[in-house]
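Once you've looked at the hints, dock chain B against the given chain A.
Below, each chain spelled out in residue letters.
There are 2 protein chains.
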Amino acid sequence: MNISEIKIAVDAMGGDNAPTEIVKGVVEFINKNKVKVILVGKADLIYSQLLQYKYSQDMIDVVDASEIISNDDSPTEAIKTKKQSSMVIGLYMLKEKKIDAFISAGNTGALVAGSTLIVGRIKGVKRPALACMFPTLNGISLLIDVGANVDAKPIYLKQFAQMGSIYFRNVVGVKEPRVGLVNIGTEDKKGNELVRESFKLLKDSDLNFTGNLEARNIFRGEADIIVCDAFVGNIILKHSEGLVKDIFGLIKKELNSSIMSKIGALFAIGAFKNIKKIFDYSEYGGAPLLGLENLVVKAHGSSKASDIQAALNQCVKFVEQDIANEIAKKMENDKEEEKGE
Amino acid sequence: MNISEIKIAVDAMGGDNAPTEIVKGVVEFINKNKVKVILVGKADLIYSQLLQYKYSQDMIDVVDASEIISNDDSPTEAIKTKKQSSMVIGLYMLKEKKIDAFISAGNTGALVAGSTLIVGRIKGVKRPALACMFPTLNGISLLIDVGANVDAKPIYLKQFAQMGSIYFRNVVGVKEPRVGLVNIGTEDKKGNELVRESFKLLKDSDLNFTGNLEARNIFRGEADIIVCDAFVGNIILKHSEGLVKDIFGLIKKELNSSIMSKIGALFAIGAFKNIKKIFDYSEYGGAPLLGLENLVVKAHGSSKASDIQAALNQCVKFVEQDIANEIAKKMENDKEEEKGE
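Just so you know, the sequences run in chain order A and B.
Residue numbers 0 to 340, in numbering that gives the first Met the number 0, belong to the letters of the first sequence in order.
Residue numbers 0 to 340, in numbering that gives the first Met the number 0, belong to the letters of the second sequence in order.
Just to be clear, a hint being listed does not mean it is correct.
Note that the list lumps identical chains together, so a pair holds whenever it fits in one copy or between two copies.
[Unchecked claim] Pairs of lysine to aspartate or glutamate, DMTMM-like flavour, derived with a Cα cap of 25 angstroms:
#, residue 1, residue 2
1, Lys237, Glu20
2, Lys189, Asp15
3, Lys237, Glu336
4, Lys41, Asp71
5, Lys272, Glu240
6, Lys303, Glu213
7, Lys276, Glu240
8, Lys275, Asp245
9, Lys79, Glu186
10, Lys316, Glu282
11, Lys237, Asp279
12, Lys122, Glu331
13, Lys237, Glu221
14, Lys202, Asp150
15, Lys94, Glu325
16, Lys125, Asp150
17, Lys199, Asp333
18, Lys35, Glu76
19, Lys316, Glu27
20, Lys252, Glu240
21, Lys272, Glu253
22, Lys202, Asp321
23, Lys152, Glu192
24, Lys96, Glu336
25, Lys328, Glu4
26, Lys272, Glu282
27, Lys244, Glu213
Since the hints were made in silico from the structure, they are not lab data.
Just chain A, with the same shape it has in the complex (with noise of 0.2 angstroms):
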């Protein structure tokens, strides 16, 4: 697809700072890129916001949504009963193809469970993953699934493995990415029942499968696709932000506790700069929901105009190299070789 034929939708009322920083984003990006984008929300509100800037009008339309569905609305709910919410209206804008891709800071679950139901499945995708990127001491890993199964099969977990492959080849340029199971020994026997039977299922594939994958060894990037159910990999995500994030401000706190240490801050302050940046991995843009017949970009709640900015960039990327399509094949291959044995 050429880049000018490609209409992005962001939902203008998730997240944290929704629609002050979602605006700001989508403004500079179209200030950038030449791709049409829709902002999806309370139309007053956004327009308040767009009053500010410079840009070039034919490159954003407005489409009014009445409704907000919020953190604390449980998700199938919301869904079902927020039909004019900013959420809903932009998943059915993808699902008639007005648009190649959503975009939404909001809630996680309703997010999942309303592309599932709206947007639907490619054909032999049991279930949609979100997947996201990780940062690791050698980089950049993909962690799969972070959010939309909490109660995994086997045969999801291999399909994540396969979708994830695709995506981070894609978007990184690693030709076979290793892909390694979170597990709790390193040995072929070890972990829960899900994961004993996951390990057979890639161990057969044609994955470039690791093993598995110990927790004390996901940060050292081990493993390029990092597997595991969603609620492991939503442990794992949360507590790495968390644990970074106290630790980080320990540190500040200690260094700022003496005349002493308040010198040595200073003196360091370049080694410290250097190590946010590996824990900086915003330029990826949010979590995709793999498995979808179109493109549902999940971006961290706490997003601002810059995560926005790389959300976009992200499906502009995601559709010009049309990894929906790719995984599609994918799935229609292992279907046929099913068939076949």
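Structure of chain B alone, referenced to chain A:
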């Protein structure tokens, strides 16, 4: 029980630093405490280590064991076939009440399987659980289960919370420890099937249940007792260990990367020492396997002499405070209540 009557056996062959550090730790302990310790393992190796130290010989016994269970051994198989191993012999000594507690830094899976098979559970306890002290910004919490039950049921998790609360109250002195259930959100209905059902049981219990605990808040010390199945617990534990180690490794590397930052590090050395102290929780000893008729403690695989000393002190406290008996009473009461319902 009078402290001078307590007898503790230590697996001299378990862990990365066996038998050197194990024997050293035992000698240092008996030189400070009037508690008899039995070293179980290859007698010639143990005696050759003991020769190096000055100690009161009637405070250490050696029990010969010709076999060793290594980390590569399959847990249940090793327990069944290596009858002459230090671990199996030690567990039988505990079963036969020749000792009051058994410590091993060896194969975790084998120790858990062997303890359940040989030592036996307290009546009413569905599954013993491995409990581990976990450093937080607030001080210390207890993470349970970290290694025994990778496929858990809601009733197990409730019992983990009960046993953990009793242990924590006795060891740390917190009267009503706050119990948090590890989950992917704070709302009641969040999570997978296991935690949703466990939530209900914990809510209806007489525990000081404070609700779901998000992974990002674990290190903040939001709960004293952090309840989860062993798969999740092991991932939290190992992920923390790995991440903390790697972040400090990164800081060290960066601080050594230029003259400026090296100078900074010199000034700030006190601050870094303070931070490091927070993550040092070896004083609490190893991880007790709660729910057994007698005490088994899993020491960290990389245990040094000081860790073995701490584990020995922990055993003395556990036996003196009669924690196993308190757990047994709680289970008995729970059963009576169930009958009365």
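If the cutoff is 25 angstroms on CA atoms, where do Lys272 and Glu253 land: within, between, both or neither? Let me know, please. Both. Shortest intra-copy (17 angstroms) and inter-copy (10 angstroms) distances satisfy the 25 angstroms Cα cut-off.
Given identical chains, is Lys202 near Asp321, meaning Cα to Cα at most 25 angstroms, within a copy, between copies, both, or neither? Answer is neither: 28 angstroms inside a copy and 48 angstroms across each miss the 25 angstroms cutoff.
Can you give me the call for Lys199 and Asp333, within, between, both or neither, at a CA distance of at most 25 angstroms? within (16 angstroms within a copy, 41 angstroms between copies)
How would you label the pair Lys244, Glu213 (within, between, both, or neither) given a Cα cut-off of 25 angstroms? both (22 angstroms within a copy, 15 angstroms between copies)
As a check of your reading, is Lys202 near Asp150 (CA-CA no more than 25 angstroms) within one copy, between copies, both or neither? both (22 angstroms within a copy, 22 angstroms between copies)
Within, between, both or neither, where Lys237 and Asp279 count as close if Cα-Cα is 25 angstroms or less: So Lys237 and Asp279 pass the 25 angstroms test inside a copy (15 angstroms) and across (23 angstroms) alike.
Within, between, both or neither: how does the pair Lys316, Glu27 come out at a Cα-Cα threshold of 25 angstroms? within (17 angstroms within a copy, 63 angstroms between copies)
Alpha-carbon proximity between Lys237 and Glu20, which holds within one copy, between copies, both or neither at 25 angstroms: within (23 angstroms within a copy, 37 angstroms between copies)
Checking an output row: Lys252 and Glu240, CA cutoff 25 angstroms. Within, between, both or neither? both (18 angstroms within a copy, 22 angstroms between copies)
Within a copy, between copies, both or neither: where do Lys275 and Asp245 come within 25 angstroms Cα-Cα? both (13 angstroms within a copy, 14 angstroms between copies)
Between copies, within a copy, both or neither: which fits Lys152 and Glu192 at Cα up to 25 angstroms? both (10 angstroms within a copy, 13 angstroms between copies)
State whether the alpha carbon distance between Lys272 and Glu282 is at most 25 angstroms within one copy, between copies, both, or neither. Result: close within a single copy only, 17 angstroms intra versus 34 angstroms inter.
Taken one by one, the earlier hints fail for this structure at numbers 3, 18, 22, 24, listed in ascending order.
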